[in-house]
Every structure is written in C-alpha cells, then in structure tokens.
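Let's have the full structure, built from the sequences with the hints guiding it.
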Amino acid sequence: MKTLLRHLQAAAALSAALLFSVAGSAASQARTADAVGPNPAVFAADRDFTQAAAKSDATALGKLLDPDFVWIDAKGKLESRAQVLGSVPKPAVPALTADAEGPSSIHWYDYGQVEMSETDHGKMHVLRVWVKRTQGWRALVYQEVQSIDVLPKVTPSASKECQNPCKSVPYAPKTETQRAVIDAYRGLETSAMTHDAVDWDAHTGEEFVAASSYSDRLLDKPTRMGELRRANMAGLAPTPMASATLFEFGDAVVMRSRHVPDQGKPLEVTRVWVKRDGKWVEVASYQTAVQGGGAS
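Numbering-wise, our numbering puts 15 at position 15 of the sequence shown, and it's gapless, one number per residue.
Hint data in this document are derived by calculation from the structure and do not stem from the laboratory. Computed from a predicted structure; not experimentally measured. Heads up, some of the hints might be wrong.
As the list claims (entries may be wrong) - Straight line, CA to CA, 35 angstroms or less: simulated DSBU-like cross-link-like pairs of lysine-lysine:
1) Lys-265 with Lys-275
2) Lys-90 with Lys-123
3) Lys-90 with Lys-75
4) Lys-132 with Lys-275
5) Lys-63 with Lys-132
6) Lys-63 with Lys-174
7) Lys-265 with Lys-132
8) Lys-132 with Lys-75
9) Lys-221 with Lys-77
10) Lys-55 with Lys-167
11) Lys-77 with Lys-174
12) Lys-221 with Lys-160
13) Lys-90 with Lys-77
14) Lys-221 with Lys-275
15) Lys-174 with Lys-160
16) Lys-123 with Lys-55
17) Lys-265 with Lys-221
18) Lys-123 with Lys-265
19) Lys-123 with Lys-275
20) Lys-63 with Lys-123
21) Lys-275 with Lys-75
22) Lys-167 with Lys-77
23) Lys-275 with Lys-63
24) Lys-174 with Lys-55
25) Lys-265 with Lys-63
26) Lys-63 with Lys-160
27) Lys-132 with Lys-167
28) Lys-265 with Lys-55
29) Lys-167 with Lys-265
30) Lys-265 with Lys-279
31) Lys-265 with Lys-174
32) Lys-77 with Lys-275
33) Lys-279 with Lys-123
What the hints assert, rightly or not - Estimated spans, in silico, between C-beta atoms of each pair:
34) Arg-179 with Gln-291: 31 to 39 angstroms
35) Lys-90 with Arg-217: 20 to 28 angstroms
36) Gln-113 with Pro-222: 24 to 32 angstroms
37) Ser-56 with Val-198: 42 to 50 angstroms
38) Lys-279 with Ala-172: 19 to 27 angstroms
39) Arg-133 with Gly-86: 20 to 28 angstroms
40) Glu-206 with Ser-56: 32 to 40 angstroms
Here a beta-carbon is modelled for each residue, glycine too, at the ideal position from N, C-alpha and C.
In structure tokens, the structure reads:
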C-alpha cells in the first residue's frame, strides 16, 4: 500500500519562503528514513510551481500546467489553464505570514502516476495534484479550502432519499475503471448518508483526508469515522452531483466534480481514488463552496 511519504511540522511564525525551504529539507530526510520519497522530478516541479505562482510568472508556470489544469481558490472560483496564464491568481499559502494562526504542515503522497501535495496552514488547506504525462509531470489541480470557525447548524447535503449521489449520478462512465470508481463513490456516499462507519471505512484509504468549506477542521480517517458513529456530518455530507470528469492514471483516478446541495452553495470538489486489493478507495476529498453561488 502506498504510504504517506512526508510530514513536516513548522511553527506558525514561519514565512512562506522559510516554509518551502524547510519542506525541501524534510523531504530529503523522509527519503533517507523511509527509503522512498516524492519523485525528485515532481518535487522540483512543485517547487517551481509555487515560485512561479508567487511571482505571477505565467511563462514559467505554463511549462508546468496540464492542458486540463484547473485552479480553484478559497472562494470557489474555478479558472482554466488559459485563464490562469492570462492573469495568474495569488496563491493562498504564500500570503499567510507570521500572524497566521495555527501550525503549518506539508504532506506528500505517491500513487505511481499521480502524486499529491497537501499543505495546511491554520484554517487554510491547499491541494496540488500532479500527474505523469508523456512530456513529464504536470499540475492537474490546484485547490484551496478555508475551514470555518463554527460549524453550520445544518450541513448542506442531499435529500433524505439521496437519489443523487447514493443511487445514481449524472455521469456516464467511459471505461470499466471509471465505472468501478463511480460505483465506489456511490457506495461511499451511501455509507456516509446512513452513518455506517464500518462500510465507510471499507471505501477509504488509511491516509484519507478531507477539507470542506463547511467544516471547522481538516478531517482525517479516525476523526471522520468518529463523527459518523455519532451521526454527525461535521460539515462534510453527500451532495447531489451536477457534473464530473474522471482522469485515469494506472491505479489512481482523479475525480473533478461540481455539486449542488438542496440547501447551501454549490461545491467544487476534487477527489483522488486509488486501487488497492482490487478495490477503489478514496484517499482525498477537497470541497470548496462557491461564494455567491446559490442560497447560503
């Protein structure tokens, strides 16, 4: 089973530049300790990505972006590759300085043809998904999620019947892999809707992590299972899917989708699925509410 490759803890007083410098050192130590680590080419590309974005260097950034790349900011604004290169958005993490709350951490996950960088700084969470193309490693997704201070009284979700996404979704699989992932996704959402922690456990990897604009924390697997046992959605609930795109990379699938809950704002969602022991399990779910989109 692919494992968590890198974990870096730093004080909140670190500036963005120091954060990335220490990240590089931690990656080197992780490779020594675990005999594995993020692909050096990916790590270098990720470093170049953060530097180019911080400098608004569209030329340098363009060399690193996949044709299907999307940038989703903390307000749920989605921009395509062309839009990003036309006017490079300001990344959230470099803007977090010494007065930002909470510790900083960076995690790397290796799934063969997909590698994932997950950065947390206080209430801000940033996901970068890298994929292996014939030309080399390219960034497919950059997504920000900002946790809220207080959970909403009602977590936006699907109706009690959960027709969508528990029983069916408006997506026609193009391959057997996509069909299997969609089936796994529906099973995952059904277990969440029914608060079946045991079945939900079977649909997720041990390193599972979720960030939602409707949650007050980053949810790891033990935390999520505990909330389900207490019949508490903790700001993360199944929501009707409006559209989706699946990208296959060997035993990993990146799932990009848009969701419109019965109440609340639309969500831009990125999920990463990995095939283990013949089953597809979810290892990451980032859900960003679209500000100004729908009822609050």
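These are the hints, each one checked on the structure:
1. Lys-265 with Lys-275: Holds: Lys-265 and Lys-275 sit about 31 angstroms apart, inside 35 angstroms.
2. Lys-90 with Lys-123: It holds: about 17 angstroms lies between the C-alpha atoms, which stays within 35 angstroms.
3. Lys-90 with Lys-75: Holds: Lys-90 and Lys-75 sit about 12 angstroms apart, inside 35 angstroms.
4. Lys-132 with Lys-275: Given pair Lys-132, Lys-275 holds - Cα atoms ~17 angstroms apart, limit 35 angstroms.
5. Lys-63 with Lys-132: With Cα atoms ~14 angstroms apart, Lys-63 and Lys-132 stay inside 35 angstroms; holds.
6. Lys-63 with Lys-174: holds (29 angstroms)
7. Lys-265 with Lys-132: holds (33 angstroms)
8. Lys-132 with Lys-75: holds (28 angstroms)
9. Lys-221 with Lys-77: Judged against 35 angstroms, a Cα distance of about 28 angstroms means the pair holds.
10. Lys-55 with Lys-167: Violated, at roughly 46 angstroms.
11. Lys-77 with Lys-174: Given pair Lys-77, Lys-174 holds - Cα atoms ~28 angstroms apart, limit 35 angstroms.
12. Lys-221 with Lys-160: holds (24 angstroms)
13. Lys-90 with Lys-77: The hint holds at about 12 angstroms.
14. Lys-221 with Lys-275: The hint holds at about 17 angstroms.
15. Lys-174 with Lys-160: holds (29 angstroms)
16. Lys-123 with Lys-55: Holds, because 24 angstroms separates the two Cα atoms, which is no more than 35 angstroms.
17. Lys-265 with Lys-221: holds (25 angstroms)
18. Lys-123 with Lys-265: holds (19 angstroms)
19. Lys-123 with Lys-275: holds (30 angstroms)
20. Lys-63 with Lys-123: holds (30 angstroms)
21. Lys-275 with Lys-75: Answer holds: Lys-275 to Lys-75 is near 31 angstroms, not above 35 angstroms.
22. Lys-167 with Lys-77: With a Cα-Cα distance of about 29 angstroms, the restraint between Lys-167 and Lys-77 holds, given a limit of 35 angstroms.
23. Lys-275 with Lys-63: holds (30 angstroms)
24. Lys-174 with Lys-55: violated (39 angstroms)
25. Lys-265 with Lys-63: holds (34 angstroms)
26. Lys-63 with Lys-160: violated (46 angstroms)
27. Lys-132 with Lys-167: holds (33 angstroms)
28. Lys-265 with Lys-55: holds (32 angstroms)
29. Lys-167 with Lys-265: holds (22 angstroms)
30. Lys-265 with Lys-279: holds (32 angstroms)
31. Lys-265 with Lys-174: holds (29 angstroms)
32. Lys-77 with Lys-275: Cα-Cα ~30 angstroms, so holds.
33. Lys-279 with Lys-123: holds (33 angstroms)
34. Arg-179 with Gln-291: 31 to 39 angstroms: Holds - the Cβ-Cβ distance for Arg-179 and Gln-291, about 34 angstroms, lies within 31 to 39 angstroms.
35. Lys-90 with Arg-217: 20 to 28 angstroms: holds (25 angstroms)
36. Gln-113 with Pro-222: 24 to 32 angstroms: holds (29 angstroms)
37. Ser-56 with Val-198: 42 to 50 angstroms: This hint holds: roughly 48 angstroms between Cβ atoms.
38. Lys-279 with Ala-172: 19 to 27 angstroms: holds (22 angstroms)
39. Arg-133 with Gly-86: 20 to 28 angstroms: holds (22 angstroms)
40. Glu-206 with Ser-56: 32 to 40 angstroms: Holds, since Glu-206 and Ser-56 (Cβ atoms, about 38 angstroms apart) stay within the stated range.
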